[in-house]
Amino acid sequence: MKWVGLIAVLFTGGLLLSAMDDFPNWGDAHSPANASPVSQYFIEKTIEDSGVPNMVTAVLADYRSYDTMFETVVVLIAGIAIMAILRVGNQIPRGARPAPVSAPASVNDDHQDIIIGTTCRLLIPVLQLFAFYVIAHGHHSPGGGFQGGVVLGTSFILAAIAKGLDPALERLPETRYVKIAFVGVVIYSAFGVACLLLGENFLDYGVLSVLLPTIDAAEARSHSMLGVEVGVAFTVSAIMFAIYANLASKGELEGGL
Amino acid sequence: MIWQFDIIILIFLVITAVISLRVKDLLAASMVFGTYSFLICLLWAGMGAVDVAFTEATVGAGISAVILIATVYNTRRDSSD
Amino acid sequence: MGETFKANVIDHFNFWVAVVLMMIGLYAMITKNNLIKKLIGMSIFQTAIILFYVSAGVKDGATIPILEHHAAETEQVEAGEHVEGHPVANHEAHAINPDDYSNPLPHVLMLTAIVVGVATLGVALAVTQVIYKNYGTLEEDEILAKIKAAENDG
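In the order they appear, the protein sequences are chains Z, G and Y.
If you read the first sequence in our numbering, its first letter stands for residue 1365, the second for the next number, and so on.
If you read the second sequence in our numbering, its first letter stands for residue 734, the second for the next number, and so on.
If you read the third sequence in our numbering, its first letter stands for residue 413, the second for the next number, and so on.
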């Protein structure tokens, strides 16, 4: 089996490596990928179309908004799938399950450590504030809904690691994080439906300027991007915490790492 | 991008990838995989892909290492290969 | 020597390493016996593809794909508030040269791919935990042997 695998891998890799000479040079500004009209349009017209300096955010949340919406749905479905998979056949009584192989009792009982507790109490508010900054400032600096959402989810994961899963789940129980995840997708699609109702294409934010008379179409695009990034952040943060909480406790949401 | 840094990081990448697949302790493999993610995050920051680097730093080096370790904790540490 | 080294090696080194990492990941996915090792190989394969895409978007001498901040304020300057302020900067901000910024399109595609990648890794790890619960092992050959034994019994 190892030899079959090795031959298959070497054959594929050899074919790819032999094709590498036909590739444009690394850093070539006029390679087909970099000189394509689509990429050049994004670089040149972003500031005119929406006034957002960070092109990555503009392409993510405006030009390729449809794509991003369904990426968010994929993350949501993955989170729901993890909860479903881990709970299949969990109706077995507790004593009949195989005992965990590597669970020293001291790990679970040692959540009162003063250094870890104090560090986390100081660190978690800063992390959450930084997450909101990353979400809100994604137009002008690296960041946006995905990154800010993951940082926000990480702050809950840190609380779960430091203080145990149960205190973290008291703050963010399962009914609540599932609701938050769905609310994020609903926020995102609500922007698209609002555009539809105002007579434009789905997720074509320019038309939303009629709702706020003081802004023009470019500003409407900029503000709508912030709105959909908030939706993305809701879903991603809730699902990241859901993934950790379920995987660390085998879907039972008690005990944990 | 400074190509000397690029080459050094790429060589370290291959080394950490091989180590994380060769080591027999799955907890160590997960930790080395976190290192791999952090190195590739450095590489992307150097190539000018700052948003991708930020995402990789939070997701790759943070979440995926943590969920791998959570699974290793709930299953077993030793591996046959 | 430096020039020929650059022409022969640097120009394609990123793509070579992407292929090598892809081979490492694929080899691990095919031949490793442990399920978690297979998943680590899958993640390495995935980062190799992302490395390939991001390398294709690099431009020599280009900066990050974020416009300088005064570019957003050119309209106020243009409206005549202080015309003599920065005529050169103003002119440059108005004509954005695509060669000055790296290609944002691969970054966007790969940014979402990373987040979706960790979500799918979570699903795979959940399946691994269920397999461990049912078979008590993570080794592929032992799992196959147990499935065969169960089939022979039934």
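Quick caveat, the hints were computed from the structure, so don't treat them as lab data.
This structure is a prediction, so every number in the text was calculated from the model and none was measured.
Be careful, since some hints might not be right.
For lysine-lysine, the following DSS-like pairs were computed, each having C-alpha atoms within a straight-line distance of at most 30 angstroms [to be verified]:
#1 K1543/Z x K558/Y
#2 K545/Y x K1527/Z
#3 K450/Y x K545/Y
#4 K558/Y x K1366/Z
#5 K1366/Z x K757/G
Status of the hints after comparison with the structure:
1. Between K1543/Z and K558/Y the alpha-carbon distance is near 40 angstroms, which puts this suggested pair outside the 30 angstroms criterion.
2. A hinted pair counts as satisfied when its Cα atoms are at most 30 angstroms apart, and K545/Y with K1527/Z qualifies at roughly 26 angstroms.
3. For the hint pairing K450/Y with K545/Y, the CA-to-CA distance comes to about 18 angstroms; that is within 30 angstroms, so the pair holds.
4. Between K558/Y and K1366/Z the CA atoms are separated by roughly 22 angstroms; this keeps the pair inside 30 angstroms, and the hint holds.
5. Distance restraint check for K1366/Z and K757/G: the Cα-Cα separation of roughly 17 angstroms lies within the 30 angstroms cut-off, and the hinted pair is therefore satisfied.
Of the numbered hints listed earlier, the single one contradicted by the structure is hint 1.
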